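Participant: Chain by chain, the residues:
There are 2 protein chains.
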Amino acid sequence: MYLTQALHRNVQQHPDAPCTIFGARVRSHTESMDRVARLAAGLQGLGVARGDRVAILALNSDYYHEFLCAVPWADAVFVPINTRWSAAEIAYSLQEAEVHVLFVDDSHLGLVLELRQRCPGLESIVFVGEGAAPEGLVGFNALVDTHDPVPDAQRRGDEIAALFYTGGTTGTPKGVMLSHRNLLTSALGTLAYDFLPHGGRLLHAAPMFHLADLAAWVAQSALGGSHVIVVGFEPGAVLQAIAEHKVEAALLVPTMIQMLVDDPRVGDHDLRSLTHLIYGASPISEAVLARARKVFGTARFTQLYGMTEISPVATVLPDKCHDDPRLRRSAGIAAPHSLVKIVDPMGQEVERGVVGEICVSGDHVMLGYWKKPEETAAAVRDGWMHTGDGGYMDGQGFVFIADRIKDMIITGGENVYSVEVENVVAEHPAVASCAVIGVPDEEWGERVHAVVVLVPGAELTRDELRAHCRAEIAAYKCPRTLEIVPALPLSGAGKILKRELRRQHQEDGA
Amino acid sequence: MYLTQALHRNVQQHPDAPCTIFGARVRSHTESMDRVARLAAGLQGLGVARGDRVAILALNSDYYHEFLCAVPWADAVFVPINTRWSAAEIAYSLQEAEVHVLFVDDSHLGLVLELRQRCPGLESIVFVGEGAAPEGLVGFNALVDTHDPVPDAQRRGDEIAALFYTGGTTGTPKGVMLSHRNLLTSALGTLAYDFLPHGGRLLHAAPMFHLADLAAWVAQSALGGSHVIVVGFEPGAVLQAIAEHKVEAALLVPTMIQMLVDDPRVGDHDLRSLTHLIYGASPISEAVLARARKVFGTARFTQLYGMTEISPVATVLPDKCHDDPRLRRSAGIAAPHSLVKIVDPMGQEVERGVVGEICVSGDHVMLGYWKKPEETAAAVRDGWMHTGDGGYMDGQGFVFIADRIKDMIITGGENVYSVEVENVVAEHPAVASCAVIGVPDEEWGERVHAVVVLVPGAELTRDELRAHCRAEIAAYKCPRTLEIVPALPLSGAGKILKRELRRQHQEDGA
Numbered sequence: 001m002y003l004t005q006a007l008h009r010n011v012q013q014h015p016d017a018p019c020t021i022f023g024a025r026v027r028s029h030t031e032s033m034d035r036v037a038r039l040a041a042g043l044q045g046l047g048v049a050r051g052d053r054v055a056i057l058a059l060n061s062d063y064y065h066e067f068l069c070a071v072p073w074a075d076a077v078f079v080p081i082n083t084r085w086s087a088a089e090i091a092y093s094l095q096e097a098e099v100h101v102l103f104v105d106d107s108h109l110g111l112v113l114e115l116r117q118r119c120p121g122l123e124s125i126v127f128v129g130e131g132a133a134p135e136g137l138v139g140f141n142a143l144v145d146t147h148d149p150v151p152d153a154q155r156r157g158d159e160i161a162a163l164f165y166t167g168g169t170t171g172t173p174k175g176v177m178l179s180h181r182n183l184l185t186s187a188l189g190t191l192a193y194d195f196l197p198h199g200g201r202l203l204h205a206a207p208m209f210h211l212a213d214l215a216a217w218v219a220q221s222a223l224g225g226s227h228v229i230v231v232g233f234e235p236g237a238v239l240q241a242i243a244e245h246k247v248e249a250a251l252l253v254p255t256m257i258q259m260l261v262d263d264p265r266v267g268d269h270d271l272r273s274l275t276h277l278i279y280g281a282s283p284i285s286e287a288v289l290a291r292a293r294k295v296f297g298t299a300r301f302t303q304l305y306g307m308t309e310i311s312p313v314a315t316v317l318p319d320k321c322h323d324d325p326r327l328r329r330s331a332g333i334a335a336p337h338s339l340v341k342i343v344d345p346m347g348q349e350v351e352r353g354v355v356g357e358i359c360v361s362g363d364h365v366m367l368g369y370w371k372k373p374e375e376t377a378a379a380v381r382d383g384w385m386h387t388g389d390g391g392y393m394d395g396q397g398f399v400f401i402a403d404r405i406k407d408m409i410i411t412g413g414e415n416v417y418s419v420e421v422e423n424v425v426a427e428h429p430a431v432a433s434c435a436v437i438g439v440p441d442e443e444w445g446e447r448v449h450a451v452v453v454l455v456p457g458a459e460l461t462r463d464e465l466r467a468h469c470r471a472e473i474a475a476y477k478c479p480r481t482l483e484i485v486p487a488l489p490l491s492g493a494g495k496i497l498k499r500e501l502r503r504q505h506q507e508d509g510a
Numbered sequence: 001m002y003l004t005q006a007l008h009r010n011v012q013q014h015p016d017a018p019c020t021i022f023g024a025r026v027r028s029h030t031e032s033m034d035r036v037a038r039l040a041a042g043l044q045g046l047g048v049a050r051g052d053r054v055a056i057l058a059l060n061s062d063y064y065h066e067f068l069c070a071v072p073w074a075d076a077v078f079v080p081i082n083t084r085w086s087a088a089e090i091a092y093s094l095q096e097a098e099v100h101v102l103f104v105d106d107s108h109l110g111l112v113l114e115l116r117q118r119c120p121g122l123e124s125i126v127f128v129g130e131g132a133a134p135e136g137l138v139g140f141n142a143l144v145d146t147h148d149p150v151p152d153a154q155r156r157g158d159e160i161a162a163l164f165y166t167g168g169t170t171g172t173p174k175g176v177m178l179s180h181r182n183l184l185t186s187a188l189g190t191l192a193y194d195f196l197p198h199g200g201r202l203l204h205a206a207p208m209f210h211l212a213d214l215a216a217w218v219a220q221s222a223l224g225g226s227h228v229i230v231v232g233f234e235p236g237a238v239l240q241a242i243a244e245h246k247v248e249a250a251l252l253v254p255t256m257i258q259m260l261v262d263d264p265r266v267g268d269h270d271l272r273s274l275t276h277l278i279y280g281a282s283p284i285s286e287a288v289l290a291r292a293r294k295v296f297g298t299a300r301f302t303q304l305y306g307m308t309e310i311s312p313v314a315t316v317l318p319d320k321c322h323d324d325p326r327l328r329r330s331a332g333i334a335a336p337h338s339l340v341k342i343v344d345p346m347g348q349e350v351e352r353g354v355v356g357e358i359c360v361s362g363d364h365v366m367l368g369y370w371k372k373p374e375e376t377a378a379a380v381r382d383g384w385m386h387t388g389d390g391g392y393m394d395g396q397g398f399v400f401i402a403d404r405i406k407d408m409i410i411t412g413g414e415n416v417y418s419v420e421v422e423n424v425v426a427e428h429p430a431v432a433s434c435a436v437i438g439v440p441d442e443e444w445g446e447r448v449h450a451v452v453v454l455v456p457g458a459e460l461t462r463d464e465l466r467a468h469c470r471a472e473i474a475a476y477k478c479p480r481t482l483e484i485v486p487a488l489p490l491s492g493a494g495k496i497l498k499r500e501l502r503r504q505h506q507e508d509g510a
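Residue numbers (our numbering), protein chains in the order written: chain A, 1 to 510; chain B, 1 to 510.
No wet-lab data here; the hints were simulated from the structure. Quick caveat: nothing in here was measured; it's all calculated off a predicted structure. There's no promise every hint is true.
Stretches of chain A that chain B covers, calculated by requiring three or more beta carbons in the stretch to come under 8 Å of a beta carbon on chain B [stated by the list, open to error]:
| hint | segment |
| --- | --- |
| 1 | 12 to 21 |
| 2 | 303 to 310 |
| 3 | 387 to 398 |
Capping the alpha-carbon separation at 30 Å, the derived lysine-lysine pairs in DSBU-like fashion look like this [stated by the list, open to error]:
| hint | chain 1 | residue 1 | chain 2 | residue 2 |
| --- | --- | --- | --- | --- |
| 4 | A | Lys-320 | B | Lys-320 |
| 5 | B | Lys-371 | B | Lys-341 |
| 6 | B | Lys-495 | A | Lys-246 |
| 7 | B | Lys-372 | B | Lys-246 |
| 8 | A | Lys-246 | A | Lys-341 |
| 9 | B | Lys-246 | A | Lys-320 |
| 10 | A | Lys-341 | A | Lys-371 |
| 11 | B | Lys-341 | B | Lys-246 |
| 12 | A | Lys-294 | A | Lys-320 |
So, partial list: chain B residues that the calculated Cβ filter (under 8 Å) puts toward chain A [to be verified]:
| hint | residue |
| --- | --- |
| 13 | His-8 |
| 14 | Arg-9 |
| 15 | Gln-12 |
| 16 | Gln-13 |
| 17 | Leu-188 |
| 18 | Asp-194 |
| 19 | Leu-223 |
| 20 | Ile-333 |
| 21 | Val-419 |
| 22 | Glu-420 |
We treat Cβ as the ideally placed atom computed from N, Cα and C, and that holds for glycine.
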């Protein structure tokens, strides 16, 4: 199994069909593979050798697709970098991964000087963009145009395909090593659920550096479809791209879905081409799901749950389960390539219905953390990835995510799972989006604290919110304090950065 | 990846749902896995150690399913034996595979004495059936009942899962070594085509010893469905099983489909539960396909093309392609786990539309032939399995099978692909089934010879047949001689044994 296998098959089966659509620029599978083979030659010309890491710091584009193909074609390892990270964080990962060649687009040129200073090992910087490259940088198109195609190295199997640096939301960055087999096992196992249309058009609006989108890219490539790419998530651009390019599938995180369905322009576009809507990376509130079902009436919804370390899919919630009020709170059942179990702190499997740590095994479990054998051994025990997510499993194997174990709120000795509270808070008509966290409290140890973005023009008091919640959940779970903010801090992948929210309160308290 | 992974997931997700349905006997996933874990203990009690080969010579049953699960659970390798083979052929494979433990059912007890004499290494014979075991044999249920469950050995990945002896139709038997990864790669890659319903009921009517059915068993297990098992293919029993057990999916070879749709009892049964009909192992004539479309109106048809050595699926022809008169003659396009190319005798890829040898690569290509490194090296070159099948590929990657390379007829210097002729012959209203072969001919080198089974009560002359064919294909392709027979010789998998037909003519001529 190897990632570039799909390129050969797609040229064989759909030579003239669009491989990438980026604005007005459409490249067929044949054109795209030719550029990939030339870019791979260019990489080798820059000194990239077997197993070297090559990084990219860029917004979405068709160049990003070509980069992701050319690096394994040249027998190397791609390192997609989180565009929201600071120069210090980026430099840390480039240094640790010993990156010599970095791809950078216009939006990130401002970081180049600092990165060069912090990373003396950085030998070449490739400019991902149109026109002439800035001084000292190599042009992407120049690399393509000035090299003859080289044969596919067919990097494969258990060899490292990618390093994904994670930790933006959870601590020190760690480089997750994923093999070709890891990524393709997750893709093929998940495709058994018909989560993408064969030969259809998939929209890349979520950042391509994140494995949520990149995993959809792997699966879409395996199926021979087209990639419709927008620079990044902006509701108006996404709605327009769906309508203009007759997009059939989109992978979005719940925050993005909410922004789309609440956008005032949503009614201006014909969205009926969309047959497959995939969401994941974080749970979706029932209120948002209900609104999304109305706006995307032709789409089957598939929830995928996983994490970078498992390449990334563990469980799937198929469309039909969304009609069941209980099941639609679930993250679904283990996919055909995956085993899932819930364990107690001693590593013993717990009874159904009891919350514990979600563990996953299969060929999709990462090779390990780059240069971090101890962290790897702590995370992967006997082949089981310990996800750090809390959850329980029902009698039919449906997994219900309680919370990140470290996000669990302990208030007055009771465990409170913030997702449960967030689901209730989100149902209040005045609430556009919300996060529930634990903040230090002298009386309760931690207290349940709601951070809320209001629907424009709406108002909400603490007591109104408590009364609303009290009708649904136990008193100790209801928010004791309410904070109204203009926007929630989001990670590059659209996850709410609870660490950021908590940090503010710890600083306030200090 | 390992075959028994599915058992754990299915007990987790569908503990009380039927795993096997065999006549009136229904066993849930929980019961079935418990029996498997006990049978595995029984195998170990018989001395079966890591990597040992354990063979089975039996018609289909739920015991067969338990055997296929228990052998890898016990860290061993299963060897399913073709029930049509002679004692000499069976003994050859048992000896070569160094089998110490053999499972035999009632139908094959008559072979036991001879097999014991020919195979001195055979230590234990397990009786697959009800009631007390005959003297000198161990009872299947006794093994299960007298052992406590052992943990799953989780035999996996590149370790050998199975030895399939092939060659019944093509020469000396060779043991095809397939790994767990081989079998699961083909299953997962093919499942992207939705060829089985999730959690549905699959009928096993084709022999379970053959990889066509066994591959469907792997995929069905991965999806968590139920196995409805009948002893073997008998049209009346199959029609009744579909109706009685509300069977949703069936894998059949074209010969079986033809016998079903032509069976006078076909109208007596409600076949509307059938949503997925999978066929393969040999091409289907257009005439049979058309009749099958009428009888199984609710079913989506999926053709799978492959062979034992590629675990077994290379290409898939999805349902929608059956509506296109040109595409429905095709074997489909390379599946997401598979690469396919057509090469000339020098190994160079040929132009689209040119006939050559079909070659396949991917993680589904066999580990090799057991103890036959030279034959392995000849068949698998640079990772490409040379299938021995002739065919060409069109501009969209659709593969059209011309013929077994050795089945090609050379008449008057022209190449004739028998499938093409068979498709035309089969369209004649008097023809129930047919085979076209080359027979020695003084004038033409070989001449095109049709062997035909007539529709009951119909008549057909050579000249009528030639006139019918001449309207469709070139004169040199039309059968020069016609032979009417009561039945065609079939292999255990339902393939027409052309070798048998040819041998008769060589003997006649000698």
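Participant: Which hints from the list above does the structure break, by number from lowest to highest?
Facilitator: The structure conflicts with hints 2, 6, 7, 8, 11, 21 and 22, although it agrees with all the remaining ones.
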